[in-house]
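K.L.:
Protein chains in written order, with the UniProt record's numbering: chain A, 1 to 179; chain B, 1 to 96; chain C, 1 to 96; chain D, 1 to 96; chain E, 1 to 96; chain F, 1 to 96; chain G, 1 to 96; chain H, 1 to 96; chain I, 1 to 96; chain J, 1 to 96.
Source of the hints: derived by calculation from the structure; they are not laboratory data. All figures in this text were calculated on a predicted structure; none of them were measured in a lab. Be a bit skeptical, because a hint or two may be false.
Capping the alpha-carbon separation at 25 angstroms, the derived lysine to any residue pairs in SDA-like fashion look like this [unchecked claim]:
1. Lys90/C - Met92/B
2. Lys139/A - Lys90/E
3. Lys90/E - Leu62/G
4. Lys142/A - Leu69/A
5. Lys90/C - Gln6/C
6. Lys90/E - Leu94/G
7. Lys90/E - Met92/B
With beta-carbon atoms standing in for the labels, derived distance ranges [said to hold, decoys possible]:
8. Gln6/I - Met92/E: 28 to 34 angstroms
9. Ala84/F - Thr89/J: 31 to 37 angstroms
10. Ala65/E - Phe83/I: 53 to 59 angstroms
11. Asn14/A - Ala84/E: 57 to 63 angstroms
12. Ile76/F - Thr89/J: 46 to 52 angstroms
13. Arg149/A - Ser54/H: 49 to 55 angstroms
We treat Cβ as the ideally placed atom computed from N, Cα and C, and that holds for glycine.
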Amino acid sequence: MDGLFEMILNFLNNTDRFALILSGSAIAAGLAMGAGIGPGIGQGFAAGKAAEAVGNNPEGGRQATIVMLLGAAVAETSGIFALVIAIIMLFANPLVSREGTAVVLAASAIGAGLAMIAGIGPGIGQGYAAGKGSEAVGKRPKLQSQIIRTMLLGQAVAQTTGIYALIIALILLFVNIFF
Amino acid sequence: MSDVNQIDGKALILASSAIGAGLAMIAGIGPGIGQGFAAGKGAEAVGRQPGAQSDIIRTMLLGAAVAETTGIYGLIIAIILLFANPLITKYMELSQ
Amino acid sequence: MSDVNQIDGKALILASSAIGAGLAMIAGIGPGIGQGFAAGKGAEAVGRQPGAQSDIIRTMLLGAAVAETTGIYGLIIAIILLFANPLITKYMELSQ
Amino acid sequence: MSDVNQIDGKALILASSAIGAGLAMIAGIGPGIGQGFAAGKGAEAVGRQPGAQSDIIRTMLLGAAVAETTGIYGLIIAIILLFANPLITKYMELSQ
Amino acid sequence: MSDVNQIDGKALILASSAIGAGLAMIAGIGPGIGQGFAAGKGAEAVGRQPGAQSDIIRTMLLGAAVAETTGIYGLIIAIILLFANPLITKYMELSQ
Amino acid sequence: MSDVNQIDGKALILASSAIGAGLAMIAGIGPGIGQGFAAGKGAEAVGRQPGAQSDIIRTMLLGAAVAETTGIYGLIIAIILLFANPLITKYMELSQ
Amino acid sequence: MSDVNQIDGKALILASSAIGAGLAMIAGIGPGIGQGFAAGKGAEAVGRQPGAQSDIIRTMLLGAAVAETTGIYGLIIAIILLFANPLITKYMELSQ
Amino acid sequence: MSDVNQIDGKALILASSAIGAGLAMIAGIGPGIGQGFAAGKGAEAVGRQPGAQSDIIRTMLLGAAVAETTGIYGLIIAIILLFANPLITKYMELSQ
Amino acid sequence: MSDVNQIDGKALILASSAIGAGLAMIAGIGPGIGQGFAAGKGAEAVGRQPGAQSDIIRTMLLGAAVAETTGIYGLIIAIILLFANPLITKYMELSQ
Amino acid sequence: MSDVNQIDGKALILASSAIGAGLAMIAGIGPGIGQGFAAGKGAEAVGRQPGAQSDIIRTMLLGAAVAETTGIYGLIIAIILLFANPLITKYMELSQ
Ligand code: NA
Ligand code: NA
Ligand code: NA
Ligand code: NA
Ligand code: NA
Ligand code: NA
Ligand code: NA
Ligand code: NA
Ligand code: NA
Ligand code: NA
Numbered sequence: 001m002d003g004l005f006e007m008i009l010n011f012l013n014n015t016d017r018f019a020l021i022l023s024g025s026a027i028a029a030g031l032a033m034g035a036g037i038g039p040g041i042g043q044g045f046a047a048g049k050a051a052e053a054v055g056n057n058p059e060g061g062r063q064a065t066i067v068m069l070l071g072a073a074v075a076e077t078s079g080i081f082a083l084v085i086a087i088i089m090l091f092a093n094p095l096v097s098r099e100g101t102a103v104v105l106a107a108s109a110i111g112a113g114l115a116m117i118a119g120i121g122p123g124i125g126q127g128y129a130a131g132k133g134s135e136a137v138g139k140r141p142k143l144q145s146q147i148i149r150t151m152l153l154g155q156a157v158a159q160t161t162g163i164y165a166l167i168i169a170l171i172l173l174f175v176n177i178f179f
Numbered sequence: 001m002s003d004v005n006q007i008d009g010k011a012l013i014l015a016s017s018a019i020g021a022g023l024a025m026i027a028g029i030g031p032g033i034g035q036g037f038a039a040g041k042g043a044e045a046v047g048r049q050p051g052a053q054s055d056i057i058r059t060m061l062l063g064a065a066v067a068e069t070t071g072i073y074g075l076i077i078a079i080i081l082l083f084a085n086p087l088i089t090k091y092m093e094l095s096q
Numbered sequence: 001m002s003d004v005n006q007i008d009g010k011a012l013i014l015a016s017s018a019i020g021a022g023l024a025m026i027a028g029i030g031p032g033i034g035q036g037f038a039a040g041k042g043a044e045a046v047g048r049q050p051g052a053q054s055d056i057i058r059t060m061l062l063g064a065a066v067a068e069t070t071g072i073y074g075l076i077i078a079i080i081l082l083f084a085n086p087l088i089t090k091y092m093e094l095s096q
Numbered sequence: 001m002s003d004v005n006q007i008d009g010k011a012l013i014l015a016s017s018a019i020g021a022g023l024a025m026i027a028g029i030g031p032g033i034g035q036g037f038a039a040g041k042g043a044e045a046v047g048r049q050p051g052a053q054s055d056i057i058r059t060m061l062l063g064a065a066v067a068e069t070t071g072i073y074g075l076i077i078a079i080i081l082l083f084a085n086p087l088i089t090k091y092m093e094l095s096q
Numbered sequence: 001m002s003d004v005n006q007i008d009g010k011a012l013i014l015a016s017s018a019i020g021a022g023l024a025m026i027a028g029i030g031p032g033i034g035q036g037f038a039a040g041k042g043a044e045a046v047g048r049q050p051g052a053q054s055d056i057i058r059t060m061l062l063g064a065a066v067a068e069t070t071g072i073y074g075l076i077i078a079i080i081l082l083f084a085n086p087l088i089t090k091y092m093e094l095s096q
Numbered sequence: 001m002s003d004v005n006q007i008d009g010k011a012l013i014l015a016s017s018a019i020g021a022g023l024a025m026i027a028g029i030g031p032g033i034g035q036g037f038a039a040g041k042g043a044e045a046v047g048r049q050p051g052a053q054s055d056i057i058r059t060m061l062l063g064a065a066v067a068e069t070t071g072i073y074g075l076i077i078a079i080i081l082l083f084a085n086p087l088i089t090k091y092m093e094l095s096q
Numbered sequence: 001m002s003d004v005n006q007i008d009g010k011a012l013i014l015a016s017s018a019i020g021a022g023l024a025m026i027a028g029i030g031p032g033i034g035q036g037f038a039a040g041k042g043a044e045a046v047g048r049q050p051g052a053q054s055d056i057i058r059t060m061l062l063g064a065a066v067a068e069t070t071g072i073y074g075l076i077i078a079i080i081l082l083f084a085n086p087l088i089t090k091y092m093e094l095s096q
Numbered sequence: 001m002s003d004v005n006q007i008d009g010k011a012l013i014l015a016s017s018a019i020g021a022g023l024a025m026i027a028g029i030g031p032g033i034g035q036g037f038a039a040g041k042g043a044e045a046v047g048r049q050p051g052a053q054s055d056i057i058r059t060m061l062l063g064a065a066v067a068e069t070t071g072i073y074g075l076i077i078a079i080i081l082l083f084a085n086p087l088i089t090k091y092m093e094l095s096q
Numbered sequence: 001m002s003d004v005n006q007i008d009g010k011a012l013i014l015a016s017s018a019i020g021a022g023l024a025m026i027a028g029i030g031p032g033i034g035q036g037f038a039a040g041k042g043a044e045a046v047g048r049q050p051g052a053q054s055d056i057i058r059t060m061l062l063g064a065a066v067a068e069t070t071g072i073y074g075l076i077i078a079i080i081l082l083f084a085n086p087l088i089t090k091y092m093e094l095s096q
Numbered sequence: 001m002s003d004v005n006q007i008d009g010k011a012l013i014l015a016s017s018a019i020g021a022g023l024a025m026i027a028g029i030g031p032g033i034g035q036g037f038a039a040g041k042g043a044e045a046v047g048r049q050p051g052a053q054s055d056i057i058r059t060m061l062l063g064a065a066v067a068e069t070t071g072i073y074g075l076i077i078a079i080i081l082l083f084a085n086p087l088i089t090k091y092m093e094l095s096q
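Required output: the full structure, derived from the provided sequences and hints.
P.N.:
Next up, the structure:
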């Protein structure tokens, strides 16, 4: 075998298991936080639409703001999921006490971090829905309940891929699938 | 039982499978954005034409179901990588 | 029977196939966003012209089917990498 | 027959081909988003002018066909990497 | 005193913490885009209804505060990785 | 004839060429999104002014042709990496 | 005095700090897009209501200041990685 | 004549040049999206004001030419990496 | 004089600085998109209210200047990595 | 004359410079999207107010020039990495 690969393999084989797993977890925690791009964009959109709604119809403005906050709370979920996964990896790491090859466990941490990035999508999408919901309620405050119901239904549908990612990440962190 | 701190061929494949599964889930960004757009337009449309609510929601859900598929594909590939391990099966066959 | 307790060429190719399959699924972001946009515009249009509902939905689904293709291409490449393993076949041929 | 129980140059090239193929598929994000946009605008336009439906759909499909090309390019490069293996051919030539 | 002239487990964890901290900051893309959108819509609304200026700005800032949170989460995780080093603490415990 | 059963410089360059080719194809995201947008606006415009259909489609296709170029650049670089192999030629020259 | 002619733990941590600093700067994409959006909407609003110019610009700048924060967070983390080096300090403590 | 059957510095630089060239092409996403947007707006404008067609198309093409530049920069850097090889030249100078 | 014919800690830090500098430049995506948006809205506004041209352009340029900052931050970090080399200075201090 | 048949520090730095140069070019996505948006809005505005054509185009080009800067920054950093090689200069100084 060639020198470069031999060096890498020797390095991986000679580094102890805890160091490999914990360093993988450090990178994974950083990767998971990338999910936060989504809520940031989405909730910002909602903020802009709510500000517009308040300007257009000061009477409906209060209701529009409440809808914005409700929708934005839903959009926050993927950011919270990612934060929880990162905190688990940093403070309650389940992988270090697991049997199995260290490289596989380190890679499981990184895979979990990568999976959480999916949360960008629901964050943006649900935030968009929050903004349009807020706009619509600002225009027709009397239809508030119908509009909110539609918004929440749509947001629930938009959440699914974020849930899939969370499940995959939890499996990678907590379920002994490989050994 | 072999020494589990040594990287062998199986370990390399399993480690890569974990990373591949994570990468596959990133597909979920798409349906999340798209269906959220649909939710927003649906809420807007219901606000404009409350009488057409059921038609609007039905169309929104139908379109959102279509938009879900590639997120499901990603999930399926991840599950195959984590649970079905066809690559490990292949490796063991070839190594006999 | 060969020794599987070290990394060999077969393992490296199969491990990379797992990562390649995961990467290929990322294509699914596109159809997810695009079809979700179509769902939203479809719902909006149905709210405005309930009488044209069937035409709107037919157009939306036709366009969404077209938008699905690159997600399917990604899925096919992933399935080939996981199950058909042409690279391993090539490797075994060359190594004889 | 050579020894396949260690990593060699052929294995490295074939392994990288798997990753290159996966990366090439990511191009599919573009047509997915773009054609989905076209689907949404097409559905909207059909709702507004049902009489122009065939013209609208023809234009939408023509534009979508143009938008598909770079997804196809990515697919072709992936297929070349997985099945035609020009890099391995080059390697074997140089190594003779 | 341990030998610091070779890569040891502590160094690997601290090195990965630097990369993890950098990755975590990428979350800041989101609030930057979203709050900028809010700023633009706020400016537009103030131009249209100068009388509602204080209400518009209050709503814009409230929404922007909500949009900031995930950027703060990223910052907190980065600071933990750089200053609190829970992973090294864990490592030292496990290595005793 | 040299020994191909270990990783050598030629293999590393060719392996990286596979990854470089895959990366270059990612450029295709751009034309896919852009041309899809043009398709959608074209369909909308044809729905509104069916009489201007040929002018609209000509403008859409002209603009889409301009938008294709960077996707073609990516394809050309990938084909050079896979088939023309200037880097290997350089390496063989320098190694004589 | 230690031997600097091989890779040691300190070098690995400092090298990773360079990459972490570069990654952290990517956060700057967000404020750049968002504030540019605000600039565009501000210019549009000023064109429509020149009389409200000062109110519009004040709102735009206030919103843009809020949108800058995550870019600043990224910059601070990069500066810490490049100049304050808390990870190396930790490493030297642990290695005594 | 030197031994090309192991990885040397020249090979590492040329291999990285292949990856650098691929990365540089990713810039092409931008002009693809932007010029496609221009194509769509151009087609829309021509549909609305067929009499202004030549002015619209001239403006669209002028703007698109400006939007092409960063895609060209990426292509130039890729071509330099693949054909001019200044890094290898530097390396050979330093190694004499 | 030390032996430069193998990889040492200094080389690893400087090599990572090159990659960190490249990563930092990616921040430039943001101002490019945002300021281009401002340019488009500015051009539109000038077309609508030619009389307000100087106010529109002043607002556009003020907003664009704000949007430039994170691109400058990225450039500064890259220049520090390439020319000021604080990480190498730290390394040499620690290695004495 | 030193031995160039193994990887040394100089080669690692130059190889990383190739990748850093490629990464820096990715900044070009931004101006490409932004200036394309400006092109589209400019074409639209010219279609609506052909009389204001010169003012519209002047504003569009001024805004596009501002949007180009971060793409130029990326290009400059890439050229420095490929041709000026300050990191190698530093390395040779430190290694004397
Ligand atoms: Na979903
Ligand atoms: Na789908
Ligand atoms: Na398609
Ligand atoms: Na195309
Ligand atoms: Na938030
Ligand atoms: Na082009
Ligand atoms: Na902020
Ligand atoms: Na340009
Ligand atoms: Na800024
Ligand atoms: Na700029």
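K.L.:
All hints, please: hold or fail.
P.N.:
Going through the hints against the structure:
no.: 1; hint: Lys90/C - Met92/B; result: holds, 17 angstroms
no.: 2; hint: Lys139/A - Lys90/E; result: violated, 55 angstroms
no.: 3; hint: Lys90/E - Leu62/G; result: violated, 44 angstroms
no.: 4; hint: Lys142/A - Leu69/A; result: holds, 18 angstroms
no.: 5; hint: Lys90/C - Gln6/C; result: holds, 21 angstroms
no.: 6; hint: Lys90/E - Leu94/G; result: holds, 13 angstroms
no.: 7; hint: Lys90/E - Met92/B; result: violated, 36 angstroms
no.: 8; hint: Gln6/I - Met92/E: 28 to 34 angstroms; result: holds, 32 angstroms
no.: 9; hint: Ala84/F - Thr89/J: 31 to 37 angstroms; result: holds, 33 angstroms
no.: 10; hint: Ala65/E - Phe83/I: 53 to 59 angstroms; result: violated, 39 angstroms
no.: 11; hint: Asn14/A - Ala84/E: 57 to 63 angstroms; result: violated, 28 angstroms
no.: 12; hint: Ile76/F - Thr89/J: 46 to 52 angstroms; result: violated, 34 angstroms
no.: 13; hint: Arg149/A - Ser54/H: 49 to 55 angstroms; result: holds, 51 angstroms
Violated hints, in rising order: 2, 3, 7, 10, 11 and 12; the structure is consistent with all others.
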